[in-house]
Each structure stands twice: as C-alpha cells, then as structure tokens.
Amino acid sequence: MKAMNDLVTFYDQKINSRLLIGTALYPSPSIMTQSIEASGADIITLSLRRQSPETQGGSHFWQQLKDLNKHLLPNTAGCHTAKEAITLAHMSRELFETNWVKLEVIGDDYNLQPDPYATLEAAKALLKDGFKVFPYCTDDLVFCQQLFDAGCEVIMPWGSPIGTGKGLMNPYALETIRHRLPSATLVIDAGLGLPSHAMQAMELGFDAILLNTAVAKANDPIAMAKAFRYAVDGGRMAYLSGAMEEQSRANPSTTVLGSPFWHQTND
Amino acid sequence: MLTLTINGQATQVPPLNTLQELIGHLGYEQKKIVVAINLNFIPKNQYPSIQLKDNDQLEILSAVQGG
Numbered sequence: 001m002k003a004m005n006d007l008v009t010f011y012d013q014k015i016n017s018r019l020l021i022g023t024a025l026y027p028s029p030s031i032m033t034q035s036i037e038a039s040g041a042d043i044i045t046l047s048l049r050r051q052s053p054e055t056q057g058g059s060h061f062w063q064q065l066k067d068l069n070k071h072l073l074p075n076t077a078g079c080h081t082a083k084e085a086i087t088l089a090h091m092s093r094e095l096f097e098t099n100w101v102k103l104e105v106i107g108d109d110y111n112l113q114p115d116p117y118a119t120l121e122a123a124k125a126l127l128k129d130g131f132k133v134f135p136y137c138t139d140d141l142v143f144c145q146q147l148f149d150a151g152c153e154v155i156m157p158w159g160s161p162i163g164t165g166k167g168l169m170n171p172y173a174l175e176t177i178r179h180r181l182p183s184a185t186l187v188i189d190a191g192l193g194l195p196s197h198a199m200q201a202m203e204l205g206f207d208a209i210l211l212n213t214a215v216a217k218a219n220d221p222i223a224m225a226k227a228f229r230y231a232v233d234g235g236r237m238a239y240l241s242g243a244m245e246e247q248s249r250a251n252p253s254t255t256v257l258g259s260p261f262w263h264q265t266n267d
Numbered sequence: 268m269l270t271l272t273i274n275g276q277a278t279q280v281p282p283l284n285t286l287q288e289l290i291g292h293l294g295y296e297q298k299k300i301v302v303a304i305n306l307n308f309i310p311k312n313q314y315p316s317i318q319l320k321d322n323d324q325l326e327i328l329s330a331v332q333g334g
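Chains Y and G supply the protein sequences, listed in that same order.
Position 51 of the first sequence, counted from 1, bears residue number 51 in the numbering used here, the numbering being contiguous throughout.
Counting the second sequence from 1 gives a position; the numbering used here is that position plus 267.
Quick caveat, the hints were computed from the structure, so don't treat them as lab data.
Treat the hints with caution; some may be incorrect.
As a list, the in silico EDC-like pairs of lysine to aspartate or glutamate whose alpha-carbon atoms are at most 20 Å apart [unchecked claim]:
hint : chain 1 : residue 1 : chain 2 : residue 2
1    : G       : K311      : Y       : D12
2    : G       : K311      : Y       : D109
3    : G       : K299      : Y       : E97
4    : G       : K299      : Y       : E94
5    : Y       : K70       : Y       : D109
6    : G       : K298      : Y       : E54
7    : G       : K298      : Y       : E37
8    : G       : K298      : G       : E288
9    : Y       : K83       : Y       : E94
10   : Y       : K70       : Y       : E97
11   : G       : K298      : Y       : D67
12   : G       : K299      : Y       : E54
13   : G       : K311      : Y       : D129
14   : G       : K298      : Y       : E94
15   : Y       : K83       : Y       : E54
16   : Y       : K83       : G       : D323
17   : G       : K299      : Y       : D67
18   : Y       : K14       : Y       : E153
19   : G       : K311      : G       : E288
20   : Y       : K226      : Y       : E37
21   : Y       : K128      : Y       : D12
22   : G       : K311      : Y       : E84
Chain Y on its own, in the form it takes in the complex (with noise of 0.2 Å):
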C-alpha cells in the first residue's frame, strides 16, 4: 500500500514511516512494544523524570528500547521554561546519546498549550549547541514561521491540545502552514484521536503525525496501532494522487448521453 521510496527527511536522517509513536500511557509494557510493533513506526518519543535508586534507573525500559531498536526522540515535557527545556534536553543528549530533542516549553497548563516566546528562545539555544529540534508548537504561522527561520528544520504544530483526540480544531490554519512552509518538515503533534484525524493530516500535505494517547489508551492499542499505521498511508497516498477540485454544483458521474427516458423539454 506504502509508496516506494517514500521517504521523509528529519534533519539528515531518511525515515520510511511517517508514523512517530510514543511510549507513555499503555495498559503494559508488553501491549506498548506490541502496539510500538504494528504502527510500523521508526521513532518513539520518551522523557526523563525523578527515580530513586531502587527503580534500577528505568532498567527494564531500557532493555525494550534496546529490543525496540527504534530512534529515540526524547521530549521536554513538563518544562514551563527555557532554561529547564536546554537543561533537560542536554541531560537527554548524555543519557540517550542522541541530539534529536522533542522540544516542549509550556505555558499553560489547562491546555498544554506552548509558550512561544519560551519555545523560540530554548530552539535557538539549543540549535546553537548542536541539538536537532523538533519544536512542539501550536498552528500559529507566525511561530511556526519564526521556528523554521530559527533552523528548525522539523515543525510540530498541534492538531489539539495533548490528549484531548479532538482531531484537528483548525485545518485552515495547517493547511497555510503547510503551503507557507513548503520545504519544512511539518508533523501534527498532537491531539489526533482517530484514525481519520490521522488521514486528514496526512490529505493536508503534512509530512507525518506523532500519536500517543489515541493509541495507549484505545481498548485495543495493539489494533489501533495498526489502523492508524494505514490511515497515514492512506492520506499519504491521497495528497500524493492530487485530490479532485471541490464543486458547488453536483454533476452526474454516468454519462447523460443516451439517458433513457429522456424527453426534450422546451423550457
């Protein structure tokens, strides 16, 4: 189903699956890296947070991300400024071995929404030092814009606010980044619940979807996994076919000529 050659470029890497999944909220450790599994995806996002001595230092993640054997995309969550984000992203760099930073500074918490000031400022820094960032922004133009002036090369707009599966609240607003940013790599972050939501992205010229929870937290993650792995095909394959001009006016798919029952009328 999956266009050969069909690559999607994240700064200097080449990447098949235009699915990036993350590792958070599962029923098991297993159903993740089953549900991880039949995404297809290549890259998985997770974080760093206070462990005592007696967790092991998360030993048994790390034996499945060793088993995984996907690119690690670490985040920032829960970081409210920028200097907490540059600080967490260069302990990820040293723990992860990876310059790949899911940059998130946010500022508010009833929504999760970004601060924009505090994402640009923490993109810059971190660009300088050498990191690859993968800003988490909302669909406003202007900070995607200011972003990619930056030299982020990767752009990750929000659908929605995290976890909220509420799809994509503003298409207008993606569909003017996209067409404003024709050479940056553009990725819906979050807020996709469905399937659909997925597909619609994807029918936008978006070039992938980061999901998490619509996955973890399905009654069937493993299932959904896969049905959003064919949505973003699907929508793949769509926005490559070039869609039909959108009519006002119906028009007949069967031909009217030799139409039976068919009178002239004089009006």
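Using the hints, position chain G against chain Y.
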C-alpha cells in the same frame, strides 16, 4: 552534615567532597542516570570534580516512557 535538595526533597548527607561520592552514597552508581545541579546539566565526566555546597538543588533523572 550537608543539606541538599534531591529531587525536590530536603536531604541531609554526610560531608562529601564531590558529586561522584554522593552518587555512590545514594546508591546510583552503575545506574543509567543524569544529573543537574541548580538547573545546570552536569556531564558525567565532571562528577569527580564537582564540589557540593550546602543548599544545592539536585535533579537525578532516568529514562521513562513519554509522549
């Protein structure tokens, strides 16, 4: 005794010379952890040379699932 805040909790530890010694004292040696002091990242190779001070705030973090 030295008073430190470790992962948000005020903690008294014996006088220790370096961050490396504290890591051992707390049982984090050989664990996959990363450390920040007073919101500044400390690379692992600096642990032996970092001197701890009263009221330092430490974050000792490790990998977890995330979205």
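Problem - Given pair status - Y:E94, Y:K83, alpha carbons within 20 Å - result: Holds. Y:K83 to Y:E94 sits at ~17 Å (cutoff 20 Å).
Exercise for the section: Quickly compare the C-alpha distance for G:K298 and Y:E54 to 20 Å and report which way the hint goes. Expected result: Status holds; Cα separation ~10 Å.
Exercise for the section: Measure nothing beyond the straight line between the CA atoms of Y:K226 and Y:E37; if it is 20 Å or shorter, mark the hint as holding. Expected result: Distance of about 9 Å is within 20 Å: holds.
Practice task
Measure nothing beyond the straight line between the CA atoms of G:K298 and G:E288; if it is 20 Å or shorter, mark the hint as holding.
Solution key: holds, 14 Å
Practice task
Starting from G:K299, check that the Cα of Y:D67 is at most 20 Å away, please.
Solution key: Holds, because 17 Å separates the two Cα atoms, which is no more than 20 Å.
Practice task
Mind checking the alpha carbons of G:K311 and Y:E84 for me, to see if they're no more than 20 Å apart?
Solution key: Since the Cα atoms of G:K311 and Y:E84 sit roughly 19 Å apart, the hinted pair holds (cutoff 20 Å).
Exercise for the section: For the pair we were handed, Y:K14 and Y:E153, check the Cα-Cα distance against 20 Å. Expected result: Judged against 20 Å, a Cα distance of about 13 Å means the pair holds.
Handout entry: G:K298 paired with Y:D67 [C-alpha distance capped at 20 Å]
Key = It holds: about 19 Å lies between the C-alpha atoms, which stays within 20 Å.
Problem - Satisfaction of hint between Y:E54 and Y:K83, Cα-Cα up to 20 Å - result: At roughly 29 Å apart (the allowed maximum being 20 Å), Y:E54 and Y:K83 break the hint.
Handout entry: Restraint status (C-alpha distance of G:K298 to Y:E94 at most 20 Å)
Key = holds, 13 Å
Exercise for the section: Sort out whether Y:E37 lies within 20 Å of G:K298, counting only the CA atoms. Expected result: violated, 28 Å
Exercise for the section: Verify the proposed pairing of G:K299 with Y:E54, using a straight-line Cα cut of 20 Å. Expected result: OK: G:K299 and Y:E54 at ~12 Å, within 20 Å.
Checked against the numbered hints given earlier, the structure breaks hints 1, 2, 5, 7, 15 and satisfies all the rest.
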